[in-house]
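**Student:** Chains as they are written, first to last, in the numbering used here: chain A, 1 to 1254; chain B, 1 to 319.
Keep in mind that the hints were calculated from the coordinates and are not lab data. From a predicted model like this one, the values you see are computed outputs, not experimental measurements. Honestly, I wouldn't trust all of these hints.
Label-pair distances were calculated between CB atoms; the ranges are [as the list claims (entries may be wrong)]:
#1 A/Ile1220 x B/Arg292: 43 to 49 Å
#2 A/Ala776 x B/Glu218: 37 to 43 Å
#3 B/Leu283 x A/Arg1208: 47 to 53 Å
#4 B/Ile5 x A/Val618: 16 to 22 Å
#5 A/Lys833 x B/Met58: 57 to 63 Å
#6 A/Tyr1214 x B/His183: 49 to 55 Å
#7 B/His183 x A/Lys833: 56 to 62 Å
Residues of chain B clear of chain A, computed beta-carbon distances all greater than 10 Å [claimed, not checked]:
#8 Ile35
#9 Arg42
#10 Ala89
#11 Ala100
#12 Ser127
#13 Val193
Cβ coordinates follow ideal geometry from the N, Cα and C atoms, glycine included.
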Amino acid sequence: MSALAWLGLLVVLAGESLALLNRGDLRRMLFFSTASELGYVLMGWGVGSPIGESGAIMHLLYQLVMRALVFVAAARLIRRAGSSRVEALVGSYAAAPLTSLMLAFGMFSVMGLSPFKGSFSKFVILYAGIESSNWIVAVAGTIGSIIAAFYFLPTVAAVCFRRGEPIPARTVRFGIDGAVMLVLAAVTIVMSLDPEPFLVFAAHLAGVANASRFPEFEASWSLPILLPSAGAFAVFALGRISARLREVGAVTLAMSTLALVWATARPGDLGDLFALLFAGGGLAVVVYSTAAMRGTHAPGRYYFFLFQMIGALIGVATSHHLGNFYLFWELMTWASYILVVHDQTEDALKAGARYFLVCTSAAYVMHFGVLFLHARLGSFDMGVIAAGAPGISPGLLTLIAVTFMIAFVAKAGLFPLHFWVPEAERVAPTAISAPMSALLAAAGLMGAIKLLYILLGGTLLAGARSLPGLHLPEQALMVLGGITLLLGEIGAWRQTDVKRMLAYSTLAQIGEVALVLGVGSSLALSGALVHLVNHALMKSVLFFCVGAFALRTGARSLDDLRGLGKAMPLTALPIAVAILAILALPPFGGFVGKFLMIYACVQAGQIGAAVVMLIGGVIAAIYYARFLRILFFEPYAGPAVREAPIAMQAVSATLALLVTVNGFYPAPLLRLVGPVVAALGGQGRLVALALPPLAMHWSAGALIAAIGSVVVFFVGKRSAARSGAAAVLTMALALGGVLLEAGRYDLLAFAFALLIAGVAILNLAYSAGYMAREHAPNRYYFFFTMMVGGLLGLVAAKNLFDFFAFWELMSSWTLYLVTIHEESEEALREGTKYFLFNFVGASFLFLGVTVLAAQTHSFQFTNLAHTAALVPAAALYGSLALIFIGLLMKAAQLPVRIDYQMHPVPAPTPVSGYISAVLLKVGPWGVLKIFVTVGAAATFGRLTRDLPWAPDLMGTIGVIAAATLLYAGAKAMVETGIKRVLIYSTVSQLGYVLLGLSLGTPLGIAGGLMHAVNHMLLKNTLFLVAGSILSQAPVRTLDELGGLGRRMPVTFAIFFFAGLSVSGIPPFNGFSSKWMIYQACFQSGHYLLGLAAMLSSLFTLAAILKFAHGAFMGPASPVAMTMREPPGVMLVPMLTLVAVSAVISAFPGVLLVPVSHVQTALGLEAVQATWLGGVPGPSPWHPLGLALALGGSGLLAWSYRRLSSRRRTTGPIYSGGVIIPAGRVELPASSLYETPARLVRELLAGPDRAAADE
Amino acid sequence: MSDIILRVLLAALVFPGGLFVIVLGLGLKGLERRIVARLQRRIGPPLLQPFYDLAKLMRKDGFVPELAQPGVFLLAPLIGVASMSVAMAMLPIAGVYTPAPVFGDLIVLFYLISLPALALMLAGSASSSPFGAIGFSREMALMLAYEAPILLVIAAVALHVGRGTGAVASFDLAGIVDYQRVHGPFLLEWRLVPALLAYLAFMPANLGIPPFDIPEAETELAEGPLLEYSGASLGLFKLGAAIKTLVIAALGIVLFCPNGPTGALGLLLFVVKCIVVIAGLALFRVTMGRMRIDQAVLFYLKWPVLLGGLALAAVTLRI
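Looking at chain B on its own, in the form it has when it is part of the complex:
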């Protein structure tokens, strides 16, 4: 019992969650900012800029609006960071890391991934700012829209693995990775191509990247839920967002292309894959404008749902 707890804590606090994901997440964030800058023909900040930012925010005063609910207002940033750190600890890295058996399940992970959004919503609501409340409302609206396709994606993958392993559906993350190591990555499985596309569509909305940065919408809502935050709390939000990018990228990798060698080489390959994904997202960030919330909701309920449904149908009907 105690060794499992130790293993879990180690995974969540040191590797691959905790310290590892913080360092890697912030590093990739710096990289992303650089890529974005280059694409915009700017030089961009140094790679370590996100670290500097966090250090700088440590020195700023904390601010709590007079009308806010202080408890929730201060709790929210912690939720985002904690949940993503744990989520990372649940994701296997092929050949490098396998989560403890009491830990790894795709459905638990799915709900864990929604916690940063919950944190953001609580922050917006608790801040008492109308901008924050609008951000909260938009976040929830968007979430209701993009969770439907991602559920279909998860179901399609789980059923596909389940079919292959004799169970009906397998949500065991390690099992999903193992299956792909034997049968090849799902990237190459034509039945799951629509699922991959749906997942790609899901990522920018979940991460608040254009054209789906609607809840925070700097230009109209002044970052909405984050508007009233400052100092370390704001830093935590920034940190949470950086880790989340990594987690979402990693989840995509687990679901569609976890294959890789063991040991340090495997870890390296994993990081490279993450960089590829993040570079792709950076391309999005610079080339897209922002959608209106109603457009975004309808978009997700149409195309990604259709893609996810296609994948599910293809998997279950064995066509």
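So that you can see chain A by itself, here it is in the shape it has in the complex:
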């Protein structure tokens, strides 16, 4: 390299740096900047090649014209302001728009920012440097360009966008310099539009005969790009006539663009897929903007640049020519920058500048790589490059890939170039935040996909693997994506500003996709693409709705949004869908993408990536749950507001609908993505892996319940009674659906489904009485019925996907929203806690299910037993352990704090009853299902054999269950909260069920199943009894009650029966099932577990007696005086439950025969049972015999009393001779069981001591 080039290099760097240092003064800045351009010319010459010389000549020519334009315009502005300080020029645009515009135009031209072609000559010089192996020239040129951007942009922003103090009006006459300025501008435009003749001229001067040696920097624009870009001018022109016309024109243009893109899209082309996304997103933004931007300032500019951005996005997506790709890339940045700073506030300009500088600088770096590729391969055509890429040395290829990746990382907002995202998306008009987040970030990732799979044709993927320890760029994507994901989620969690929260959430989502892309399998690609589309939809809805709120109320922070969901229900409905979807909850689109992504990670062995995603998801759940709660469940305090304009509602609703469709029926989206992945995979030489099942299979019962729930919601808007009746009818139909489809279920599932629907009918009927005076009954029935639908779908699941999807449906949002129905502060707090806990539990399950499927290569339950046998023991063990953790957490078992995971106290009581009785049984049910499905004892035996060091899984469950049933039983004994007693007791009883099932013996499983049903009947009864009390007065603790036995004798009798039975008092049904569990424990050698179970039933008895004493005995408390027997609609469900329990008490065979059939159907050994027979076991017995004996003996005793004196006297209780008014001397529930209670409190201190003491 010649000394001349070195000199030029020094001049460039020195000049640009000095210009940057002097950016406060326009005159000096321009001087140094111009001097640095001479350096480029010197470098061109110094390279010593003809191309370099041509570039130098051309550069001189271009700069002469364009600099002149800048100087003239600058001189006019300086003259007007009387100072050359940039600060003094702030707000020039207002006074001298034309000159300001010309200065900006000139500066952008000089910088050479696409689409301005001032840098065309610079490209030639840099290209010459690379071509002649003087890379340093190109590096210096790139650095120089980046520096230039850092001083030009603030200047342009200051002159054109910043709103300063009004400058003393000194008008600038047009004059001769004005004319010169316009002439120069015209020449610049000509030079930009067609640089070809100038290049030929320069080449001629340099003595290059053949101009074809120069790279063809650009190809012609295709129609789908031209349409919006050129149409923007038409829309601008229309806007001069009328605003209405502009809007109509804009919508028409956006629609025709979408139509054109649709028409020209080829299936299987990555770019066309994204072009569709961009055009569709563009249409949404345009329609939304017609409402959002109406009446704001400078709408003409807004629409103009919006269409430029859409055009550029389509261009980026569809270009097969790298020069064009780069051009549109820059155009996209530039147009979006102007949209971001549209509001022209200080904040906006600052954030916009940061965005622009990061992305432009990164793009310059990419340009370096672009030129490099051309110098090596002689073409900008992607096909040619893909074909030639394998010829380039791996090191160089990696370097090129890095330059590209820097640009993509910056645009997508990945760590470490992510910092511009939150502010930029916050300050932009909401209509623009949405595409920034949904579309531009996607463009960044699309670039990465293009680079990896098309441009470098998988060469890099294959080549990089051969370099030990250097798995670029997959590792890079994974690491950067993972960091971005966590940064984004944590950042979002800390925000109070809604838009910034959403922006951080974008970081997280994009990071997630990048992470998955790094996995680099065909599944990962599918997952990433599906999620990018869904994310575009969800995030747009979020931003659009937030924008709608802001439009009506000016709300910006989370606090401002309090209760707006109630004030603007129609506007807010889509955002509810979007929140649930972005939390990856079924049946919405986000779930499908998330499932695919997690599965892809796990399938490729990247468990760590999956874990990071799940952790991120949990953090997201925290802040999105908060968001949902604030919006919809907190009281609204502001003035009355109108719904948002119809255009906004329509856009949000349409997008939300699409998200829902993508979840319910993902086939269309998968059909779009599938060919693209196949094509990319072909180039990247990926093994094509079959997609997991991604569509939920709705059983008739589940579908009826789900559809019915929506009907109930709308039918019941006005009448509580009608919604209750509709809900009961829905559930009756769902029960019919289960019966009709009996063949679909296995026997266990069928029995469970019948119970699910049957108990739901009772609880919904009961609710008709309970909800009579409550608010929003239709909402309550909607969530309740939908939750039951999820349960019905769960038990009908035939594959792991359905299993997990319906698990989420019944255990996430439906459950959450129905438990916080009361909307009290406590309900919201406790409900949210429960939701998060379930979310964490489901995450374990998620991981376990996907690991199991990935290991066995099968989702179908029917295959699992067969395929599980082929899986290495450790992997199978791990996946099962994860699944069991998830299942046990649902059942609120130790060692996690029970008071955190048990269902919340303030939920509506019929729901509490249903959760306790039915919903939580999915934990034990799942354990049994998985146990049987993966091959029962044979498989678990193999695990124990192959992994002697690992604790036996089922054995561990048994120990956990036994510890839990003791712990929770003891807690129930010391509790005084009316529902807390029952809830703790539920946890304890779930422990019994799990203990029985975990033993794996015929007797144990039969006992567990029988106890599950018994507890279903009994605990539900107890909750309904509690509901009969709680629906009459808002009492919390037993101490507030008393004497209810005489005010509601039927209810008391019901409680008495169910309470004693659930405590395991013979001869009731609760004892029969417990007895089988005790026996099974001892028979299988787990006598300590059996002892724990036997002891804990005393705790339950103590808790039940305490409840009876506190609530029903003694003198009536003031609040109890107001209570009376509940209405028939509530009594009948309770009496039904009791009647069924009574029948089972007398004839346990009624339950045990089905149980034994279930055992046989599951392929297990069954217990011996007959319809009228007794309880099977090592020493079988019959409760009816016991009952008869007890009855007979009782009769004997009764007859003694009958024969005695028949006189009855009554009077006050003995009080030592003094008269004590009724109610003054009684022993409250909280003072019972002194010493043991104290011991329990001391031993089990910690979790909820405060609650225990309340």
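Given the coordinates of chain A, work out where chain B should sit on it, guided by the hints.
**Tutor:** Frame of chain A; chain B shown alone:
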């Protein structure tokens, strides 16, 4: 089917439950009162005094406090008598009586034995009297304490028998008796000595005998749960308590020393064993003062639990 029901009813109503246990229970109660009196250097009532008492109470008025829950209040005394009568019917008498197969199981029996305590608690709670409520609370506290050791005892015996018969654990009462008839009474089995001691400690608390008569504590609670009872209902409670003493003694005999000849001689030996146990309990009654409830609870959670645990460990570890 019907013959089994008949057999069960016969066992519960006539022998060894029902009439038999009532007569024997009351008779032994009279004997106990006599022994206590003699130990206190009193003459004591006639042997048939408990029968006279019951007859006398028949003539008294029934009383139900104004604030009580009448249903539970009146149901409670029946539970105590019925459950003990049935419990007796479940206990085999070696060589004399074997319960019907649908009937005899130690675990069922264990829970049946807790029914009189349940009846007492319900009575105390339902009476609306604070004395009754305190009695209920104490009874439950005590029960939580003494049930732990008795569970250990039962488990130790069941496991011991199970080991010997090839099963893991046997809760079959008849099986336990048969085992001892073959292998000798557990009284002589050193591994089960701690279990026997734990059982002995369990008896006074379960029966409400000093030093564990805390729930009824005549001097401070005025009989607590029984305070508001009178007439036949009180009589039933007294009857229930008398039968229960017999049942608990009989259970001890079944668990540790059921051996005896067949026929009338066997029955006689059984009665003699019962008398020995009851005499021992009478000795307790006269020589002990009453513990405080917290002392009693902690006592049971320490020593008897330790003994029961020892027995269980000795049985399961085969040392």
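**Student:** Are A/Ala776 and B/Glu218 spaced within 37 to 43 Å by their CB atoms?
**Tutor:** 58 Å, violated
**Student:** At the C-beta level, are A/Tyr1214 and B/His183 separated by a distance inside 49 to 55 Å?
**Tutor:** Since the Cβ atoms of A/Tyr1214 and B/His183 sit about 54 Å apart, the hinted range of 49 to 55 Å holds.
**Student:** Would you assess whether B/Val193, listed as outside the interface, keeps its beta-carbon beyond 10 Å of every beta-carbon in chain A?
**Tutor:** 20 Å, holds
**Student:** Using Cβ atoms and 10 Å as the threshold, tell me whether B/Ser127 really stays out of contact range of chain A.
**Tutor:** Given that some Cβ of chain A is not farther than 10 Å from that of B/Ser127, nearest at about 7 Å, it is violated.
**Student:** Using the Cβ atoms, figure out if B/His183 sits within 56 to 62 Å of A/Lys833.
**Tutor:** At 57 Å between Cβs, range holds.
**Student:** With respect to the beta-carbon atoms only, verify the hint that A/Ile1220 and B/Arg292 lie 43 to 49 Å apart.
**Tutor:** 26 Å, violated
**Student:** So the hint says 57 to 63 Å: do the beta-carbon atoms of A/Lys833 and B/Met58 match that?
**Tutor:** 60 Å, holds
**Student:** Taking the minimum C-beta separation from B/Ala100 to chain A, is that value above 10 Å?
**Tutor:** Violated, since 7 Å does not exceed 10 Å.
**Student:** Per the stated criterion, does the least C-beta distance between B/Arg42 and chain A lie above 10 Å, as a non-interface residue requires?
**Tutor:** The assertion about B/Arg42 holds, with a minimum of 28 Å to chain A.
**Student:** Find the nearest Cβ of chain A to the Cβ of B/Ile35 and say whether that gap is larger than 10 Å.
**Tutor:** 27 Å, holds
**Student:** Hey, is B/Ala89 genuinely clear of chain A, shortest beta carbon separation above 10 Å?
**Tutor:** Answer for B/Ala89: violated, closest chain A Cβ roughly 6 Å.
**Student:** Just to be sure I understand the hint, the distance between the Cβ atoms of B/Ile5 and A/Val618 should be within 16 to 22 Å; is that true here?
**Tutor:** Given range 16 to 22 Å: violated, Cβ gap about 59 Å.
Figure legend: structure checked against the earlier numbered hints; hints not met, in rising order: 1, 2, 3, 4, 10, 11, 12.
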